[in-house]
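Given these sequences and hints, build the entire structure.
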Amino acid sequence: MYHFNFTPVFDNFYLLLYGAWLTVRLSFVAMILGLVVSVLGAVARTSRYKILRGLVGAYVEIIRNTPFLIQIFFLFFGLPAVGIALNPNVAALVALVINVGAYGTEITRAGIESVPHGQVEAGRALGLEPVQIFRYVVLKPALRNVYPAMTSQFIYLMLTSSVVSTISANDLASAGADLNAKTFASFEIYLVITAMYLVLSLLFSGLFRLVQHTLFNYPASR
Amino acid sequence: MKFFHTLAAAAIAATALLAPQAQATTLKQIEANGVLKVGMLVDFPPFGTMSATGAPEGYDADTAKALAKYLGTKIQIVPVTGPNRIPYLLSGQVDVLVASLGITPARAERVDFSNPYAGIEIMVYGKKDEDVKDGAGLAGKTIGVVRASTQDAGVTKVAPASATIRRFDDDAAAVQALLSGQVPLIGVSNVIAAQINKAAPGRFDEKFSLSSQVQGVAVVPGSDALLAKINAFVADAMKDGTMDKISEQWLGTKVPDFVRTGTAKAALK
Numbered sequence: 758m759y760h761f762n763f764t765p766v767f768d769n770f771y772l773l774l775y776g777a778w779l780t781v782r783l784s785f786v787a788m789i790l791g792l793v794v795s796v797l798g799a800v801a802r803t804s805r806y807k808i809l810r811g812l813v814g815a816y817v818e819i820i821r822n823t824p825f826l827i828q829i830f831f832l833f834f835g836l837p838a839v840g841i842a843l844n845p846n847v848a849a850l851v852a853l854v855i856n857v858g859a860y861g862t863e864i865t866r867a868g869i870e871s872v873p874h875g876q877v878e879a880g881r882a883l884g885l886e887p888v889q890i891f892r893y894v895v896l897k898p899a900l901r902n903v904y905p906a907m908t909s910q911f912i913y914l915m916l917t918s919s920v921v922s923t924i925s926a927n928d929l930a931s932a933g934a935d936l937n938a939k940t941f942a943s944f945e946i947y948l949v950i951t952a953m954y955l956v957l958s959l960l961f962s963g964l965f966r967l968v969q970h971t972l973f974n975y976p977a978s979r
Numbered sequence: 131m132k133f134f135h136t137l138a139a140a141a142i143a144a145t146a147l148l149a150p151q152a153q154a155t156t157l158k159q160i161e162a163n164g165v166l167k168v169g170m171l172v173d174f175p176p177f178g179t180m181s182a183t184g185a186p187e188g189y190d191a192d193t194a195k196a197l198a199k200y201l202g203t204k205i206q207i208v209p210v211t212g213p214n215r216i217p218y219l220l221s222g223q224v225d226v227l228v229a230s231l232g233i234t235p236a237r238a239e240r241v242d243f244s245n246p247y248a249g250i251e252i253m254v255y256g257k258k259d260e261d262v263k264d265g266a267g268l269a270g271k272t273i274g275v276v277r278a279s280t281q282d283a284g285v286t287k288v289a290p291a292s293a294t295i296r297r298f299d300d301d302a303a304a305v306q307a308l309l310s311g312q313v314p315l316i317g318v319s320n321v322i323a324a325q326i327n328k329a330a331p332g333r334f335d336e337k338f339s340l341s342s343q344v345q346g347v348a349v350v351p352g353s354d355a356l357l358a359k360i361n362a363f364v365a366d367a368m369k370d371g372t373m374d375k376i377s378e379q380w381l382g383t384k385v386p387d388f389v390r391t392g393t394a395k396a397a398l399k
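Residue numbers (our numbering), protein chains in the order written: chain A, 758 to 979; chain B, 131 to 399.
Hints are computed from structural coordinates only; laboratory data are not their basis. One or more of the hints may lead you astray.
To be verified - When the alpha-carbon atoms are kept at most 30 Å apart in a straight line, the in silico DSBU-like pairs for lysine-lysine are as follows:
(1) B:Lys257 <-> A:Lys939
(2) B:Lys271 <-> A:Lys939
(3) B:Lys399 <-> A:Lys939
(4) A:Lys939 <-> B:Lys287
(5) B:Lys158 <-> B:Lys199
Right, dumping it as C-alpha cells:
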C-alpha cells in the first residue's frame with residue numbers, strides 16, 4: 758500500500774503557487790493578445806487581397822501543422838542565431854500567442870463566415886459606417902457564434918503552457934518538476950499539480966461564462 | 131509471530147552462509163589462465179557501450195584492452211550493470227572491474243581500487259569572456275543546468291541569491307542554451323564540456339570545478355600483487371600517452387590533471 762506523504766508538497770506550496778501565478782499571467786496575456794491576433798488574422802483571411810489571404814493562410818497552416826514544442830524551441834534556441842535572444846518567459850508568451858493566434862484565426866474566420874450577408878446589408882440599410890458594421894454587425898455576432906470553440910481553445914492554451922517548462926520558464930509545471938527533483942515525492946506533487954491545473958481551468962471557465970453573460974446576453978438573431 | 135521472526139532470521143543466516151566468499155584473485159592465476167576477465171558497463175557512453183557489431187567499446191574497453199596487453203594475456207570482456215558489477219567481482223566471475231567505478235569510501239569497504247584511470251568532473255563552463263572564478267563570481271549571472279542533476283545541486287549550493295539558475299530538462303537543452311547564447315554559463319561534466327568544445331572550438335572554457343570523482347580499476351580485496359601490477363600499468367599508461375590517446379578518442383581531450391595526479395588513497399580521504 759502506498760503511503761501518501763504530502764508534507765514536502767505543502768511545505769513548499771508557495772513554490773507551486775508562484776509557478777501557478779506565472780501560468781495564470783502567461784495564459785491570460787496570451788489569451789488577450791491571441792484574440793487580437795485571431796481577429797486581425799480572420800479579417801485578413803476574409804479580405805479581398807489575395808496576398809494577405811495567402812500570407813495569413815500560410816501562417817495558420819504552418820503553426821497548426823507543426824508541434825508546439827518545436828515552435829517554442831525555434832523561438833528560444835533558434836532566434837538567438839539572428840540576434841534575437843528572448844528570455845524564457847517572453848519566449849513562452851510569444852510562442853503561446855503565435856500558436857493560439859493561428860487556431861483562433863480559423864475559429865474567428867468560421868464565425869465571420871457564419872454571419873449571414875443579409876445582416877450586413879441590413880446594417881448598411883440602417884446607415885451604419887463600415888467600421889460600425891464590422892464591429893457590431895459582423896464581429897460581435899461572429900464571436901458569439903464561435904464563443905464555445907474559442908474558449909475551449911483558450912483553456913487548451915492554458916494547459917499547453919505547461920510545455921514552456923522545457924525552455925526553463927518558471928511556470929507551474931516547471932515548479933512541480935523542480936520540487937520533484939528536490940523531494941522525489943512525484944506522485945503527491947503531480948497529484949497536487951493536476952488538481953491545481955484543474956482549478957485554474959475551472960476558474961478560467963467561470964471567467965469565460967461571466968464574459969459571455971456580460972457581452973453576449975441578448976436574444977439570438979435567428 | 132515470533133516463530134516467523136526466527137524463521138526469517140534463519141533464512142537470512144542461511145543465505146549469508148551460501149553467499150560465495152570473496153577470494154583474492156592472484157596475478158599468477160590470471161597469467162596461468164592466459165585470459166583476463168574484465169567486468170565492464172555497456173550502457174554508459176562514452177565509457178562503455180556496445181558497438182554496432184555487438185563488441186564492447188569505449189574508454190573502459192580500451193583501457194581494459196591496454197591492461198590485458200600489459201599483463202600479456204588475452205581479454206574477455208563480461209558486460210555488467212551498475213548494481214551488479216561489485217557482486218560479479220566478489221563472486222569471482224570477473225578478475226577485475228574496469229566499469230567506471232567511482233572511488234568512494236563505501237565501495238572501498240568491499241573492493242580494492244587502483245589509482246584512477248579516468249575521472250568525471252562537474253564544472254561551471256561558459257563563454258571565454260565571462261570572468262567567473264568561483265561561486266561568488268556567479269552573482270548577477272545567468273547559469274543553465276539540467277534539472278535535478280549533480281550540476282544543479284552543485285551550482286545551487288555555491289551560487290549567490292542574485293544568480294539566476296535556469297533549469298532545463300536534459301543535457302541537450304542546457305547545451306543548446308549555451309550554444310545559442312541564451313545563457314552565458316552552464317554546469318556540465320567534463321565529458322559534455324569536451325563535446326561542446328568539439329562542436330564550437332575555442333568559444334568556451336572551464337570556469338571552476340564544482341566536484342570531481344575519479345574512477346579506478348577494482349579488484350577483490352587482498353589481491354595485492356595484481357593491484358600493484360595494475361597500478362604500474364596505470365602509471366605507465368599515463369606516462370607513455372596511452373591514456374591520453376584513449377581519452378582523446380572518447381572524451382575529446384587529454385587526461386585531466388585531477389585524474390593524472392590523483393591516487394586511490396587521496397580519493398578516499
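These are the hints, each one checked on the structure:
1. Of the supplied pair hints, the one linking lysine 257 (chain B) and lysine 939 (chain A) holds, its CA atoms being roughly 29 Å apart against a limit of 30 Å.
2. Taking the CA atoms of lysine 271 (chain B) and lysine 939 (chain A), the gap is near 23 Å; set against the 30 Å cutoff, the hint holds.
3. This hinted pair checks out: lysine 399 (chain B) and lysine 939 (chain A) have alpha carbons roughly 28 Å apart, not beyond 30 Å.
4. For a cut-off of 30 Å, the pair hint linking lysine 939 (chain A) to lysine 287 (chain B) stands: about 13 Å separates their Cα positions.
5. Our distance criterion of 30 Å between C-alpha atoms is met by lysine 158 (chain B) and lysine 199 (chain B), whose separation comes to about 16 Å.
Consistency note: the structure conflicts with none of the earlier hints.
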